[in-house]
Amino acid sequence: MSFLPHLESVVNQVEGALACSVMGFDGIAVETHQKPDAGDLELATAWVEYANVLGQLKSAAEMLKTGTVSEVSVNTERVLTLMRMVSPEYFLVLALKANGNYGKGRYVLRITAPKVRAEL
Numbered sequence: 000m001s002f003l004p005h006l007e008s009v010v011n012q013v014e015g016a017l018a019c020s021v022m023g024f025d026g027i028a029v030e031t032h033q034k035p036d037a038g039d040l041e042l043a044t045a046w047v048e049y050a051n052v053l054g055q056l057k058s059a060a061e062m063l064k065t066g067t068v069s070e071v072s073v074n075t076e077r078v079l080t081l082m083r084m085v086s087p088e089y090f091l092v093l094a095l096k097a098n099g100n101y102g103k104g105r106y107v108l109r110i111t112a113p114k115v116r117a118e119l
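In numbering that gives the first Met the number 0, the protein residues as written are 0 to 119.
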């Protein structure tokens, strides 16, 4: 069960990608690939907080009977963050530079999620 090749592939395919991780809703990263040029960004800390937000959104969608959450993005001044569900317990998270290729990031996460799910 090695997620690293999938995470490296995501980061290498998406222009402006900084890092990608498989995470659980407890905020703990199972595996992460981060480019050296991610700079001074505290991505791991942000992702812990985003895991909590994603968990709340997941619960809200269930309560409202709108269906399961498949994807969420948090776009800030410096970083675009995409989160894609892999299973009920895990998700992929991708950090992009603010000018990164958001659409390609969404696409690559969508096609990578089933590959990661198969390895869980």
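Please note that the accuracy of each hint is not assured.
Straight-line alpha carbon distances no greater than 20 Å define the calculated SDA-like cross-link-like pairs of lysine to any residue that follow [stated by the list, open to error]:
1) K96 x G38
2) K34 x N11
3) K57 x A45
4) K96 x V47
5) K103 x H32
6) K103 x A37
7) K57 x P113
8) K64 x P87
9) K34 x F24
10) K103 x V47
11) K57 x S69
12) K114 x G23
13) K96 x H32
14) K114 x E88
15) K34 x S86
16) K103 x E7
17) K114 x A37
18) K57 x E14
19) K96 x E70
20) K103 x K57
21) K103 x P113
22) K96 x N11
23) K103 x G23
24) K34 x K103
25) K96 x Q12
26) K96 x T75
27) K34 x E14
28) K96 x T44
29) K96 x A43
30) K57 x N11
31) K34 x S8
32) K96 x E118
33) K34 x A97
34) K57 x R109
35) K34 x K64
These are computed hints drawn from the structure, not numbers from a lab.
Just so it is clear, the structure is predicted and the values come from calculations on it, not from any experiment.
Taking the hints in turn, this is what the structure says about them:
For a cut-off of 20 Å, the pair hint linking K96 to G38 stands: about 11 Å separates their Cα positions. Pair hint K34 plus N11 holds up; C-alpha atoms about 9 Å apart against a cutoff of 20 Å. Note on K57 and A45: the hinted pairing holds, with a Cα-Cα distance of about 18 Å set against a maximum of 20 Å. Our distance criterion of 20 Å between C-alpha atoms is met by K96 and V47, whose separation comes to about 19 Å.
The hinted pair formed by K103 and H32 meets the criterion: a straight-line CA distance of about 18 Å does not exceed 20 Å. Distance restraint check for K103 and A37: the Cα-Cα separation of roughly 19 Å lies within the 20 Å cut-off, and the hinted pair is therefore satisfied. The straight-line distance between the Cα atoms of K57 and P113 is roughly 19 Å, inside the 20 Å bound, and the hint therefore holds. Of the supplied pair hints, the one linking K64 and P87 holds, its CA atoms being roughly 16 Å apart against a limit of 20 Å.
Taking the CA atoms of K34 and F24, the gap is near 23 Å; set against the 20 Å cutoff, the hint is violated. Between K103 and V47, the direct Cα distance comes to roughly 24 Å. Violation of the 20 Å bound is thereby established for this hinted pair. Straight-line distance between C-alpha atoms of K57 and S69 comes to about 9 Å, which keeps the hinted pair within the 20 Å bound. Only pairs whose Cα atoms come within 20 Å are accepted, and K114 paired with G23 is accepted, the gap being roughly 16 Å.
At roughly 15 Å between alpha-carbon atoms, K96 and H32 fall within 20 Å of each other, so this suggested pair holds. At most 20 Å may separate the alpha-carbon atoms for a hinted pair to count; K114 and E88 meet this at roughly 15 Å. Between K34 and S86 the alpha-carbon distance is near 26 Å, which puts this suggested pair outside the 20 Å criterion. Of the supplied pair hints, the one linking K103 and E7 holds, its CA atoms being roughly 15 Å apart against a limit of 20 Å.
Of the pairs offered as hints, the one joining K114 and A37 is violated, with about 25 Å between alpha carbons and a cut-off of 20 Å exceeded. Proposed proximity of K57 and E14 is contradicted: the alpha carbons are some 29 Å apart, above 20 Å. A C-alpha spacing of about 19 Å is found between K96 and E70, which places the hinted pair at or below 20 Å, so the restraint holds. The hinted pair formed by K103 and K57 fails the criterion: a straight-line CA distance of about 24 Å is larger than 20 Å.
At most 20 Å may separate the alpha-carbon atoms for a hinted pair to count; K103 and P113 meet this at roughly 17 Å. Simply put, K96 and N11 have alpha-carbon atoms about 14 Å apart, close enough for the 20 Å limit, and the pair holds. Between K103 and G23 the CA atoms are separated by roughly 23 Å; this puts the pair beyond 20 Å, and the hint is violated. Straight-line distance between C-alpha atoms of K34 and K103 comes to about 18 Å, which keeps the hinted pair within the 20 Å bound.
With a CA separation close to 14 Å, the supplied pair K96 and Q12 stays within the 20 Å bound. A hinted pair counts as satisfied when its Cα atoms are at most 20 Å apart, and K96 with T75 qualifies at roughly 10 Å. The suggested pairing of K34 with E14 holds, with an alpha-carbon distance near 12 Å, which does not exceed 20 Å. As the CA atoms of K96 and T44 are separated by approximately 17 Å, the hinted pair is consistent with the 20 Å bound.
A C-alpha spacing of about 15 Å is found between K96 and A43, which places the hinted pair at or below 20 Å, so the restraint holds. Distance hint between K57 and N11 is unfulfilled; the C-alpha atoms sit about 29 Å from each other, more than 20 Å. For the given pair, K34 sits about 12 Å from S8 by alpha-carbon distance, which is consistent with the 20 Å threshold. The suggested pairing of K96 with E118 is violated, with an alpha-carbon distance near 28 Å, which exceeds 20 Å.
Using a Cα cut-off of 20 Å, the hinted pair K34 and A97 holds, with the two alpha carbons roughly 15 Å apart. Distance restraint check for K57 and R109: the Cα-Cα separation of roughly 18 Å lies within the 20 Å cut-off, and the hinted pair is therefore satisfied. Distance restraint check for K34 and K64: the Cα-Cα separation of roughly 39 Å exceeds the 20 Å cut-off, and the hinted pair is therefore not satisfied.
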